[in-house]
Each structure stands twice: as C-alpha cells, then as structure tokens.
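Trainee: The primary structure of each chain is shown beneath.
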Amino acid sequence: MPINFLLFLGVILFCCGLYIVVARKNVIMVLIGIELMLNAANLNLITFSAFDSGELQGQVFTLFIITVAAAEAAVGLALVVKVYQYFKSSDLSDISDLKG
Amino acid sequence: MDISLIMFYVLGGLTALSALFVAFTKNIIYAAFALIMCLFFLAGVYIFLGADFIAIVQILVYVGGILVLLLFGVMLTNRLKGEKLVSATRSRFFGILLIAAVFLVLIKGVISANFVESEWMQQEMTAKAGLKGFGLNLMTEYVLAFELIGLLLLIALIGSVYIAGNRKEGLDAH
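Protein chains in written order, with this note's numbering: chain A, 7 to 106; chain B, 119 to 292.
Chain A on its own, in the form it takes in the complex (with noise of 0.2 Å):
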C-alpha cells in the first residue's frame, strides 16, 4: 500500500480536527475534533506498524490510544453535562466564568 497515501490521510484528518477545535464554539464538536486528531495519529502508528515484521509495537500503541480516547470521551462528556447543568448552555464563549 502506497504510505504517502496514508499520510496525506493522516494529515487531512489531523487538519480537519484541528480546524474543529479551534474554530467551534459548541462543546460537543470540539469533543469530535479530538477525537478526529487522535485517529490521525492512529492512522500513522498503524502504517509505520504494516512495516514492523515481528513486533507489531504500532499496533499495540494504537490499542492503548483508543482505550484512552474511550476514557477521554467519558469523562469529557461528564464534565460537558455538569457544564451545561451549571450555565444553562454548551456555547464555549459562554463559559468564561472561572468562579462563579
């Protein structure tokens, strides 16, 4: 499989998440953007890992990054709830108390 394919992939989704995140302004598309950007770094690990004969350490990587990303989508979307529950809004520009 042609790797600079796969890496123009990896790009295209970093650069979208990244996109995401910083122009958004709901809490839950941000969530998204994070996620995309982790897949891209997924992407790449797995690649360089089609390359590894016997160890496999990229796609071994890539197991413990999704558990993380799975922990990381739970409590971000708990804090999101309690978030919303507190300011009555999931508007990122409307949370910028730092005490309320």
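No wet-lab data here; the hints were simulated from the structure. It is possible that some hints are incorrect.
[Unchecked claim] DSSO-like cross-link-like pairs, simulated, lysine-lysine; straight-line CA separation at most 27 Å:
| hint | chain 1 | residue 1 | chain 2 | residue 2 |
| --- | --- | --- | --- | --- |
| 1 | A | LYS88 | B | LYS144 |
| 2 | A | LYS88 | A | LYS31 |
| 3 | B | LYS144 | A | LYS94 |
| 4 | A | LYS94 | A | LYS31 |
| 5 | A | LYS31 | B | LYS226 |
[Claimed, not checked] Per the computed footprint, the stretches of chain B lying under chain A, defined by three or more beta-carbons under 8 Å from a beta-carbon of chain A, are:
| hint | region |
| --- | --- |
| 6 | 147-153 |
| 7 | 223-230 |
Think of the CB as a built atom: it goes at the ideal place given N, C-alpha and C, for glycine as much as any other residue.
Given chain A, work out where chain B should sit, using these hints.
Mentor: This is chain B only, laid out in the frame that chain A set:
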C-alpha cells in the same frame, strides 16, 4: 491495478471526505454521524494494513461506544425544541489560516522525509494478520501497560459516572 488497491483508495478517499464533512457541516448530529462514517472507513483502511484486530476494536469502541456517548451528550446539553442543532463558528478566518499553515508544514514534512525511497520501505509489507503474534506480544512484553490501561479505563468510567450522576443534597455533605 488490482481490485484490493482500488478498494483501498476508495476507502481512504471516503475517510477524507467524511472528515471534511465533519469539519464543515453546521449540524452537530450530522457531524457526529459523519464522524462515525469516517472512523468506520478508517477501520477498513486498517484491514488493508494488516491490522484486523485494531479494525474490530475501532468499530466496537467508536461505533458502539463513542457514538452513543456523543449522541447522549448532544441530547443532554441542548434544548431540543424541534429546530436544527447548529454549532456556530467563531474565528473562521484564523482557523482556516492556522490549518492551512499546519497542513502545508505537515505535507512538506511528509514529502521531504521521502519514506518511499528509504531502505526499510523497500522490503515487503510483512505485517500479516497475525492475531496470535499480536496477542502474545500484548500478554508478554506489554502486559504491564495492558493491565494499567485497564485500570485507567475503570477509574475513568467510575469517575465519569460520579461526575455526571445526580447526587442528593443531603448525601452530598459527607
């Protein structure tokens, strides 16, 4: 050009298209479902790279778990009154400027690294769909990290339930 290479390119292109759709759609629900499509096609790409187990895990965890979490998050954090769930955009100009810069830097890096010419790339793609090797590797060399990641997941899930759960005021005192 054989059929598997064509399928590989099609899956990769669909992944990129759905990622772009996630980035530029306004509707949050559409974005969540397009994210799932993107991760699903990415799992297909993983299969072509000899990572069958990771592809299955990707589908199980993301399509089964994170989509449900995201949709619950959308439902719990928006007043649903029948109108579309639209996420506003702020600083679109600087966002596009930033990602254009990052995109150019990364593409330039990939091209100048020139992996195609490098020596270890000349050999065959040797990663077979070795579930046995993967499992042995996981349970011998990486067993400490494996157990720790299980512990981390347990702690994170209990913690998130504790954070998000409704607590009675009287019970909250101690």
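Trainee: Hint by hint, say whether it matches the structure.
Mentor: Hint check:
1. A:LYS88 to B:LYS144: holds (24 Å)
2. A:LYS88 to A:LYS31: holds (17 Å)
3. B:LYS144 to A:LYS94: Since the Cα atoms of LYS144 (chain B) and LYS94 (chain A) sit roughly 21 Å apart, the hinted pair holds (cutoff 27 Å).
4. A:LYS94 to A:LYS31: holds (15 Å)
5. A:LYS31 to B:LYS226: violated (30 Å)
6. 147-153: This one holds; 3 residues, not fewer than the three required, reach chain A with a Cβ under 8 Å.
7. 223-230: holds (count 4)
Checked against the numbered hints above, the structure breaks only hint 5 and satisfies the rest.
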